[in-house]
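So you can see what is in the structure, the chains are spelled out below.
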Amino acid sequence: MSSLIQQVINGLSLGSVYALIAVGYSLVYSVLLFSNFAHGGFLVIGGYICYYSLLKGGANIWVASLAALLGAGISAMAVERMAYKPIRERTPITLYMLIASMGMSIVIENIFVVTIGGRFRALPPVIPMQTVNVFGVASTSASDLLSLVTAVVFLVGLQLFLSKTKWGLAIRAASYSLRTAGLMGVNVNLLISLVFFVAGLLAAIGGIFLSARYSLYPQLGVITTKAFVAAVIGGLGSLPGAVVGSLILGLAEMLAAGFLSSQFRDLIVFGLLIITLIVRPTGLFGKSVGEKV
Amino acid sequence: MGDYTIGIVTLLAINCIAAMGVSLFTGFTGIFTLGHAGYMAIGAYTSTILIIKLGVPWMPAIIAGGLAAMFFAYLIGLPTLKLVGDYYTIASLGLGEAIRLVIENWESVTRGARGYPGIPHYTTAPVAVGFMAVLAVGMFFLINSNYGRAFKACRDDYVAASLLGFNTSRHRVFSLAISGFYCGVSGSLLAGFMSFIQPVMFDMAKSTELVSIVVFGGLGSMSGCLMGTLILTLVTEMFRPISQYRMLIYGLVLVLVMVLRPEGLMGANELGWDSLKRALSRAKALTRDTAARFGLAGVLIGIPVSYCFQPSSVRAISLAEYLSCIPSLMSGAVKFGAPLHKSVAPNAALAVVIACAICASFAWALGGIIKLVKKIDDSRAAGRGM
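Quick note, the sequences are listed as chains S and A, same order. Numbered by the numbering used here, the letters in the first sequence go through residues 1 to 293 in order. Numbered by the numbering used here, the letters in the second sequence go through residues 1001 to 1386 in order.
Just chain A, with the same shape it has in the complex (with noise of 0.2 Å):
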C-alpha cells in the first residue's frame, strides 16, 4: 500500500467514527443536527492543548478529548433536548459558530484563526482503525441493548415511549452525549492525523458532511453508515479535480435520497446473512430481466468508449496500459492536468464514468425496448393460438 492509500484508510477511519456518532443521534434517535463538528473541534482542541501543554501522552488525550466533547453536548443537550421539535436542530447551527468564534477569539489558549501547528503525528493507521473497531463494536452492543431500543422507541413514538415509563428526554441527551463523545475522539484523532488544526477545518461543511453520509447510508443503521461513509469519502476523493461542486452534490444527496428513498441505502436494516441473501436474490431476478443485461454489457462497453473519447495523448497509450492506469488514477494520485504519457489525468475516471452511466443508460433503454416487443409479440402469438 503506498503512503496516499495508507492516508485514505486513516481518513476514512477517522470520518467513520464521526459518522457513527451522527448515525445514534439522527438515524437512532431522529434528530437532525449541524453542529457535530463542532464537538469534533472540541475534541481536537482539547486533546491538543493536553499533549502539548501538559505533556499527556497520546492516548489519555484522545479518550480526555472525547470525555470533554461529551461534557458539552451534556450541557447543551439539557435545555435543547427537553421538548419534541426542531429545538435542538436551530441551536446546533448556532453552536458551530459559536465553538468556532470562542477557539478564533480566545487566542492565548488556542492560537486563535490561524491555527495550532505542531502536534504530534500520533495516528496512524492501525491507531484508527483499532479506534475505529473498538467504537463500532461499542456500538453495536449499545444499539442492541435496552438504551438502543429505548432511543429507537424515542425515535418513533415518543408519546408511547413516555407512556411506557422511559424518560425520554433524558435518553435523548443520554444519546447527544455519546454521539459527542465518538465526535470529540475522531476529531482528537483527526488533529494526530492532520499535525495542524485551525477552526476552518470543523465548520459547517463539515457538520453537513457527515450528515449526508448518515442520511445516504441509511437512518438507522449502523453497517448502512459505514458504507455511506466509504462511498461519499471514495466519490469526493474520485472528483477531487471539480471540487467546487462537492457542496452541491451534498446538498443534492440530502433532497434526492429523501425524495426517491428516504430510508437512503440500507433502511434500517444491518448487513448480516438476510440482508445479503435478500440482495443476492435481488440480484439474481434483475440477471433474468434483459433490460438489466443490457445495462450490464453497456457498462463494460463504456470502458473502451471512454477510451475512444480521450484526449489524443491518452490514445497514444495502448488500452490495456489505460486499463492498468485506473486504480492508480481512481486514487488520485495523479495531478489533474499533469501530463498524460503512460499515466492519466483523474479526469479520466470522470470520463470512464459518464461514458459507462451514458452507455449504461441507452443499453439498458435499448434492452427495454426489445424487451416490450418481445412481449408484444408473445402476446400476439398467444392470441393467435387461442
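Only chain S is shown next, with the shape it has when bound in the complex (with noise of 0.2 Å):
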C-alpha cells in the first residue's frame, strides 16, 4: 500500500514537470496552430546554463535559475524570430513551420553535441535530494516534493496570467483567432513573442528539475515528446487539458515502471496516445471545432 502510494506520488511530481513544458508548448499550439517540436532544446538551453552557472558562475540556484529561465526564453524568443516569423509572413501553411521547428531541434540538440559533447553531467547537489516522510505512511525525495510544488505555483502564475492581465486577455483572444486580434489593435508580433518567452520560461523550469532526476545531457530534449503526447491527451491546444494529460501520464508512467516494468514505460506512453485517439480524438478537453468555410 505505502509503495502504491510512494508511486502516486512520484507520478504525480514526474506528471507535473511534464506539465510545464506541456502547458508551453500547447500555449504556442494555441495561438500558431503549429507543434513546436524546438520546444526541447529550450528545456535543454535552460538546463546548461543552470549547470554553468552553478559550476563555472559560482551562482546560488536562485540566480542560476533566473538566468536559466530569462536565457531559455530569450532564445525561445531568438529562435521564433529567426525560423519561424519569415515563414508565417509569407504562408499560411502551418506544414512548414512544423519542419522548420523539428530542424530547429536538431540544429540545437547537435550545437551542443559538437560545441560541449554529448556527455552526461549531473547537476551540482542543489536541490535537495534526501527522503521525506508524508503523513507516515510514505516516503519520497523532497525533490519531487520541490517539483510539485514549484510546477504549481508556476502553473497558478500562468493562470493569473493570462486571466487578469491585459497581455493575458490578449493571448487568449489570439487563441480564438490571431487575426481578428490582430485587427482590434493587439501588437501580433510581439504577442507571438510574448507567448515563446512564457514558453521558453516554463520549459527552463521543466529543464532544471529533469536534469536533477535524471541527468543532463544534450538529448534531454526528447523528452518533450512525452509532453507533446500528454498535450494530445488532454487536447491539442487546451492549457487545463495539457495539464491533466501531464498528470495521467506522469501517473501511468511510475505505476508501470513500479509496478510492471521500467522498459514499458515508453509503450504505455505510446499505448495511452493511441487508445485516447480511438476513443475520444479531440483528447479529454479539445473542443471539435465545426470547420467554417
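Possibly wrong hints are sitting among the right ones.
Simulated crosslink set (SDA-like; lysine to any residue; CA at most 20 Å straight-line) [what the hints assert, rightly or not]:
1. A:Lys1082 to S:Leu284
2. A:Lys1082 to S:Leu33
3. A:Lys1082 to S:Thr94
4. A:Lys1082 to S:Ile275
Everything labelled a hint here was simulated from the structure, so no lab data went into it.
Using the hints, put the two standalone chains together into the complex.
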C-alpha cells in the first residue's frame, strides 16, 4: 500500500514537470496552430545555463535558475524571430513551420553535441534529495515534492497572468483568432514573442528539474515527446487539458515502472496516445471545432 | 566500377525507395512524419525472419516485408489520421521508439538489441536498382492517377476536397499505407545489403535523414526527391571525416530550406522537358551577368588555390596528379589522415570545396562591384549625352 502511495506521489511529481513543458507547448499551439518541436531545445538550453552558472559562475541556485529561465525564454524568442517569423509572414501553411521547428530542435541538440560534447552531466547537489516522510504513510524524495510545488506555483501564476492581465486577454483572444486579434489593435509580433518567452521560461523550469532528476545531456529534449503526447491526450491547444494529460501520463508511467517493468514505460505512453485517439480523438478537453468555409 | 562505387549505388537505390515513400506522404499528402524508419525496421525484420527461420526465398520475403510494414502503417493511420492536425506527427515521434523497444525486448524472435546476423547477401546492385525502377514507375502512375490528384487535393484544401465528395481521412490512411510499403521494401533490401540488422540502424536519425531528403528535394516532386537522395547521400559520403556534423547539417537543411526556399530544390515541378528548358534559359541569362561570370571563374581559380593550401606532402605531387586524384578522394576510398603520397586524403575534398566557394564568392562580389561601376559609368555617359 505504501509503495502504491509512493508511486502515486512520484507520478504526480513527474507529471507536474511534464505539465510545465506541455503547457508551454500548448500555448504556442493554441496561438500559431503548429507543433513547436524545438520546445525540447529550450529545455536543454535552460538546463545547460543553470549547470554552467552553478559550476563555473559560482552562482547560487536562485540566480542560476533565474539566468536559466531568462536565457531559455530569450532563446525561444530568438528562434521564433529567426526561423518561424519569415515563414509565417510569407505563407499560411503551418507544415512549413512544423518542419522548420523539427530542424531547429535537431540544430540546438547538435550544437550542444559538437561544442560541449554528448557527455552526461550531473547537476551539483543544489536541490535537496533527502527522503521525506509523507504523513507517516509513505516516503519520497524532497526534490519530488519541490518540483510538484514549483510546478503548481508556476501554473497558477500562468493562469493568473492569462486571466487577469491585459496581455493575457490578448493571448486568449489570439488563441481564438490571431487575425482578428491583430485587427483589434494587438501587436501580433510582440504577442507571439511574449508567448514564446513564456513557453521557453516554463520549459527551462522543467529542464532544471529533469536534469536534477536524471542527468543533463543534449538529448534530454527528447523527453518533450511525452509532453506532446500529454498535450494530445488532454486535447491539443487546451491548457487545462495539457495539465490533466500530463498528470495522467506521469502517473501511468510511474505505476508501470513500479509494478510492471521500467522498459514498458515508453510503450505505455504510446499505448495511451493510441487509445485516446481511438476513443476520444479530440482529447479530454479538446473542442471539436466545426470548420467554417 | 569498384566495389565502393557499386556499394554507393546500391545504398542510393535503397535510400531512394524509402525517400519516395516519405515523399508521397509528406510531399503529396502534406503530413510530416518522423517515424518512417520504424516501417523500414518492420520490413527488415519481417523479411529476415522469413528468410532465416522459414526458408522463404528472398524475392517473396522482400514483398512480404513491404506488406507487413504496409499493414502496420494502416493500423497506425486509422486512429491518428482521422483528424486534421499534428496528431500523426506526434504519434510518429513515439512510433519509431515503440517499434525499437518491441524489437529490443522480444528477444526470442528478433534477437534483441545485439542485432540479427547472418542474413544472406541477396541485395546486389541490379536487384536494388531494379526494385527502385519498378517502384518509381509505380509511384509515377500513382501520383498521376485519380488517387494522386486526390492526395494533392487533401493536402491543399481538405475542406474543398471533402465537399467534392472525397473521403479525406481514408485517402490520408491510404497514402500512409503505400508509403509504409515503400519503406518496408527499402528496409528489406537494406537487410540483404548489410547482412546484419540492428534496431539502432532504424533510429530517429534515419527518419530525420529521410525527411531532410524529401524537404531538400522539394515537397510534392518525385524527381526532386530522387535528386535530393543523390545529393544528400553523396555529400554525406564526401564529408564522412566530419560525420559528427551530419545531424547538424540535416537540421540546418530543414530550417534553411523552409526559411529561404520552402518549395525545395524542384518545388512541385517534375524533371522534364519544360523544367529543363526553364532551367536552361535561366542559366543562359546568368551567363550574360558579369557577376555570375566572375563567380564561375572563381570556382575554376579555387581548384589550384586549394592545391597551394594543402599540407606539404600533397604539394609534392604534381597538379595533374592532384586533379586526377579528385574522383578517388570524392569517393572517400582513402581513409582520413592516411599518408598523402600519391593519394589524397578525403579532407582534401573539403579543401577543394571550401576554396572554390570562397574564391567564387569573392569573385562574385568583385564582379558585382564592376557591374555597379559600369552601371554608374553608363548612367553618367547617358547624362552627358542629354
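Do the hints match the structure? See the list:
1. A:Lys1082 to S:Leu284: 16 Å, holds
2. A:Lys1082 to S:Leu33: Between A:Lys1082 and S:Leu33 the Cα gap is close to 18 Å, so the pair holds against 20 Å.
3. A:Lys1082 to S:Thr94: Status holds; Cα separation ~18 Å.
4. A:Lys1082 to S:Ile275: 13 Å, holds
Violated hints are absent here; each numbered hint is respected by the structure.
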